[in-house]
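> All chains should be built: construct the whole structure from the sequences, respecting the hints.
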Amino acid sequence: MKAAFLPDRGVVEVSGEDARKFLNGLFTTDVTQLTPGRARFGALLTPQGKIIVDFLILQARSDAAERFLLDCPRALAQPLADKLKLYKLRAKVGIENLSDRMGVIAAWDGDIADLPERAFADPRQAALGWRILSPEAEAPAIAKQLGAEFVDASAYDAHRIAHAVPRGGLDFAYGDAFPHETNMDLLHGVDLGKGCYVGQEVVSRMHHRGTARTRAAQVLLDGPAPEPGTPVMAGDKSVGTFGAAAGQTAIALIRIDRVADALAAGQTLTAGGRDLRIADPAILQPPAKQTVA
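Numbering (the numbering used here), first residue to last: -16 to 276.
It should be emphasised that the hints constitute simulated quantities derived from the structure, not laboratory data. As the structure is a computational prediction, the values presented were derived from the model and not from experiment. You may find that some hints are simply not true.
Below, in silico cross-link-like pairs of lysine-lysine (DSS-like), each with a Cα-Cα straight-line distance of 25 Å or less [as the list claims (entries may be wrong)]:
1) Lys4 to Lys66
2) Lys4 to Lys33
3) Lys71 to Lys4
4) Lys33 to Lys177
5) Lys177 to Lys68
6) Lys4 to Lys75
7) Lys177 to Lys66
8) Lys4 to Lys68
9) Lys127 to Lys(-15)
10) Lys177 to Lys71
11) Lys33 to Lys66
12) Lys177 to Lys4
13) Lys33 to Lys68
14) Lys71 to Lys33
15) Lys75 to Lys177
Taking CB as the label site, the calculated pair distances span [claimed, not checked]:
16) Ala248 to Arg84: 49 to 57 Å
17) Thr15 to Gly193: 26 to 34 Å
18) Asp244 to Glu100: 49 to 57 Å
19) Pro(-10) to Thr18: 24 to 32 Å
20) Gly230 to Leu69: 41 to 49 Å
Positions of the beta carbon are idealized from the N, C-alpha and C atoms, including for glycine.
Here it is as structure tokens:
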């Protein structure tokens, strides 16, 4: 097993007697389904349905009022806390950015028999392993407790790229991407059967009409990786944007219809002058329209 402290991650706490109902009315994930020690993947959206911030949300074990901990990008932790306070109105909730004293450890390639406090299985994909919310100073001791090799955060980044999981702010831009475009629907981050939340109408319409044309895809490179943000080209036409890479594997945000047409025409995809290939061509399949019985 390997474990790494992730310095780019922060933690926001939301607690109080109204916390569950308050968060469920805002987030893409069904907060009513959370139980202590279990986590879900979700996001807060703009009214237009674009991702403001995505996160893993854990219901903490507590004898007092319900507490929810949001494992989110550290750079967006305070803006997220501020945004939640704007929505608070008269709800009986407390909102606090804990990032100065609590961070996130990722552990993978193994099972954990005895879960530490504030530990949970990553709800996006089993292969991603576990997360433990902890002060950075305690990370080496927690890794030792788990029997894990303590490694650099870049090792975890390579692991999530190898499993085709995009990272906000690197593989896609916050404020500019819909949940379906970043595969949140494939990673259990959108509960389509729940009630209303901010941006719900747009997300539901995109899903049921099958209008998502952009997807985060794993790509394979021939040669060194170009910089994130480099256009992905098919001939002289841009068909996407290159994201993060680890060795010859990377994530790219692509227009699946344009890429499918280009490949059918025998064109080669490139980024920064390097050839690249789509790792799983199934990602190019157009979304199916959903019918209502």
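> All the hints need checking, so say for each whether the structure fits it.
To see whether the hints hold, each was checked on the structure:
1. Lys4 to Lys66: With Cα atoms ~16 Å apart, Lys4 and Lys66 stay inside 25 Å; holds.
2. Lys4 to Lys33: The given pair, whose Cα atoms are some 22 Å apart, holds under the 25 Å limit.
3. Lys71 to Lys4: holds, 11 Å
4. Lys33 to Lys177: Within the cut-off at roughly 18 Å; holds.
5. Lys177 to Lys68: holds, 23 Å
6. Lys4 to Lys75: holds, 10 Å
7. Lys177 to Lys66: holds, 22 Å
8. Lys4 to Lys68: holds, 15 Å
9. Lys127 to Lys(-15): Judged against 25 Å, a Cα distance of about 10 Å means the pair holds.
10. Lys177 to Lys71: Roughly 20 Å between the alpha carbons, so the hint for Lys177 and Lys71 holds.
11. Lys33 to Lys66: Distance of about 15 Å is within 25 Å: holds.
12. Lys177 to Lys4: Roughly 12 Å between the alpha carbons, so the hint for Lys177 and Lys4 holds.
13. Lys33 to Lys68: Status holds; Cα separation ~20 Å.
14. Lys71 to Lys33: holds, 21 Å
15. Lys75 to Lys177: Answer holds: Lys75 to Lys177 is near 22 Å, not above 25 Å.
16. Ala248 to Arg84: 49 to 57 Å: For Arg84 against Ala248, whose Cβ atoms are near 55 Å apart, the range 49 to 57 Å holds.
17. Thr15 to Gly193: 26 to 34 Å: Roughly 28 Å apart at Cβ, these two residues keep to the hinted range, so it holds.
18. Asp244 to Glu100: 49 to 57 Å: With Cβ atoms ~51 Å apart, the hint holds.
19. Pro(-10) to Thr18: 24 to 32 Å: holds, 29 Å
20. Gly230 to Leu69: 41 to 49 Å: holds, 42 Å
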